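Engineer: One-letter residues, chain by chain:
There are 2 protein chains.
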Amino acid sequence: MFESATFAHHLDKAAFKAMEPSLREDLLTAQFQLIEQKRRSLIVLIHGPDGAGKGAVLNRLYGWLDVRKLQTLTFDMPCARDDRPAMWKYWRELPPFGQIGIMLGSWYHAPLCKRALDEMKRGDFMAALEDIQRFEAMLHAEGVSLLKIWLYLDPEEARTRLKGVTKGEWQRPVVREWEELKGSGPRKRLLAISEDAARATSTETSPWHVVPAADEEYRDAMAGSLLLEKLRSLAAEPEPAPQPLAPNPTQLPSTLPTFSILSTLDLSKSLDEDDYDRQLAQEQSRITRLTNSPRFADAGLVVAFEGSDAAGKSSTIMRLRRALDPRHFRVHPIAAPTDEERARPYLWRFWRHIPTHGRTAIFDRSWYGRVLVERVERLCGPDDWGRAYGEINDFEAQLSAANYVVVKFWLAISPQEQARRFEERETVAYKRFKLTPEDWRNREKWPLYEAAVTEMVDRTSTRIAPWTLVESEDKRYGRVKVLKTIADRLEQALG
Amino acid sequence: MFESATFAHHLDKAAFKAMEPSLREDLLTAQFQLIEQKRRSLIVLIHGPDGAGKGAVLNRLYGWLDVRKLQTLTFDMPCARDDRPAMWKYWRELPPFGQIGIMLGSWYHAPLCKRALDEMKRGDFMAALEDIQRFEAMLHAEGVSLLKIWLYLDPEEARTRLKGVTKGEWQRPVVREWEELKGSGPRKRLLAISEDAARATSTETSPWHVVPAADEEYRDAMAGSLLLEKLRSLAAEPEPAPQPLAPNPTQLPSTLPTFSILSTLDLSKSLDEDDYDRQLAQEQSRITRLTNSPRFADAGLVVAFEGSDAAGKSSTIMRLRRALDPRHFRVHPIAAPTDEERARPYLWRFWRHIPTHGRTAIFDRSWYGRVLVERVERLCGPDDWGRAYGEINDFEAQLSAANYVVVKFWLAISPQEQARRFEERETVAYKRFKLTPEDWRNREKWPLYEAAVTEMVDRTSTRIAPWTLVESEDKRYGRVKVLKTIADRLEQALG
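Protein chains in written order, with this note's numbering: chain Z, 5 to 499; chain A, 5 to 499.
One chain only, chain Z, in its complex shape (with noise of 0.2 Å):
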């Protein structure tokens, strides 16, 4: 992956300055294109070892670009100080559509410098290269367009270039990323492990490109081409073509029989009064003692609802507000996204909300919506919502192993049942707004909806974040047995 960038690259100054005009003069010509399709926006990861100029190029981006549409995303070290999901760092600063984040210490950071340290595994290290592969995939299909650059320099340069840095030889700043990194061993195990992981995460969307980084002049040259290139081939994308919106790809012939998972459930179960006030209180009170537990400082628990219309959702989560500690939850009802979310990938309106560890986020309604209404309801083509189950799994996979406990209901309620419901809205006058003729619409698309849960569930029902459907025929009953799966999962999780 380096081979070529161990040979000498020069180019004169006095050739850089007359190229210079020009490809500024193009770079924000392109540069006018992404902000004015607003379709997609663009990440340039600037990677190599420290002393090689990741913060010249930089800057030297900035000098060139219209920096008002331009942001810079650096980040350090994991730290004891992150109390949330390693991923939720680079979420958050994820810039909408239109606009082009340059990066310093991205996701390979971490890995790449704990491998180097010998604190990682290689297998380890090949399933985080593997995490970083599906990531990268996701962020561009769902609109984020990487540019990854390698600035390549002998590691013997880097080491002298460094020493006249400690000297005070130059004034500017030097990101030190690779700090932890002491001595000639682990910075040569280094440049061995990256050129790895280049290798191996060099895909057809988002390759690795090796720039020689020795000569200021080639260096930053070669860094603007690539942009130039990359920002190019953006604005030359054609629309995307608009997907059939078929609300099942699977296209079984109609004599065989539709299983819906949702028709295994009994329906029947049920609580008397006395049970529930019982085991509500004694769950409730489980979940308490739990949440406040020494043990809960150290995780989170986040918890989706979703479930017919009129299903109980509100009212069940109501009971699991009584258990928790206002000062430690949020209730996130999810409605239409607002322009910022819009301006970004489908997940980061969800990862905003993931809270810190020791708290609770309660989703009403959840980043199932693409392949529950969003599917059915044709808002986006198979493409969107075929892909969101992997991208989900990751997601709840990242929770997980930050210690997140992920609980995920479906409420399940015969047809008949939500008639009864809807009826009854009708007629109280305070639960008139919970009803509104769409509902009785919704009714309509029973069949596509109950298609749409079995495959949810058989999809992304995994081992650390597993469905539950919930009898709620009888309130009563669903409610106990939402709250007692939470406690149960709780206290597995805490142990």
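What the hints contain is simulated information worked out from the structure, not anything from laboratory work. Any given hint might turn out to be false.
Note that the list lumps identical chains together, so a pair holds whenever it fits in one copy or between two copies.
[Said to hold, decoys possible] Listed next, the in silico BS3-like pairs over lysine-lysine satisfying Cα-Cα at most 30 Å (straight line):
{"#": "1", "residue 1": "K73", "residue 2": "K93"}
{"#": "2", "residue 1": "K435", "residue 2": "K234"}
{"#": "3", "residue 1": "K93", "residue 2": "K21"}
{"#": "4", "residue 1": "K479", "residue 2": "K192"}
What you are looking at is a predicted structure, and each value in this text was computed from that prediction instead of being measured.
Chain Z is fixed; fit chain A onto it per the hints.
Structural biologist: For chain A alone, coordinates are given in the frame of chain Z:
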């Protein structure tokens, strides 16, 4: 303030049950008007001793209202982990217009608690209440209404109830806001202090409502009724009358010569290239050193750039950028607000970018937009920009109190120099994007801007955050002055 609450207040369970459905319906109707109008948000502050039922009232309101437009805003006491200004967390969670937030642990919490524990002197306490009053007045004027409820409970009764909790008689979590206040001495002191505070901060627009809390039904019915009354009064507010969009409210006789603070500047100041190179490097180096010093870890730097078009904001920021570690600063170009920003008070868009300690935020145009472009271009009325001076002074005072160094620059050039630079932008290809026809048109408003700048400097150049007017006719002189000012201010602050 608490006199009448000390007498017995009681509501029959049966009477409560009888009134609940219509109260609930009325609340929902009134809430929907708030949602529809989207003109205001409402924050319900619930205060009172532990045991009075703050959490219970919150849960009751959740049972009555449409929870999809309801947020819980709950805050712990300030702690060492808060490395932003004290008010930042309240700003961050402000609900958008159309929504209701119920707040426990509000901005009253820390002063009341500290004063009850005698950790705060009387004078400081009164000053804190003053600050709160101004903050609340700002919220009200900016579209955030407050309903402040004090749950009154006799201290002895509160003690008895809390003992019950610790003995496990109650299963529900109780928000223990006042855990620090153990024993009856501090608790009685808290009561007296709270009474003073409630009296002092009961203003016309945001009075305290004292609700006797010994009887659950009475308490909840009263809280619900107060909320209903408040929502109805908000709904009945007339549409704000369009303000006369006068660029300048001061109607002085035109025979009086107008004074411009900018006319006092000697724009002939300049630096030759050698001096420039040397001094620039020197000031950059000072800034690098100061922002990397251990003392800066408990401080922060907020820099605001304003100035005429083409005065050199971007190119100056570029020089500042090179002095800073890219991991620890962000530049925020201020453009049109997003819909999330428009749905909240004006300063919210700036508060959200205030960094943690140890970091720098650079604003390319800033919160002064309201008293500059918005005033001159008549984008808001004189009420709005007239009020902004005080709001901005409070904002900067809060930053300064939290150890942030606030540095503000107006980059000044002559109209002739601006014309020259505009023409240069027209001819140099890569500068063309920086010029729009609007820029030429804006030149006609030069005298209006001079008047606005003069008033702005007079009213917001404070000891803690003075304005620095920068003679930028000579770019080199201007850049060095900016960097030197930042270095001086940092040096002075960090000692």
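Engineer: Identify every previously stated hint that the structure contradicts and give their numbers, smallest first.
Structural biologist: 3, 4
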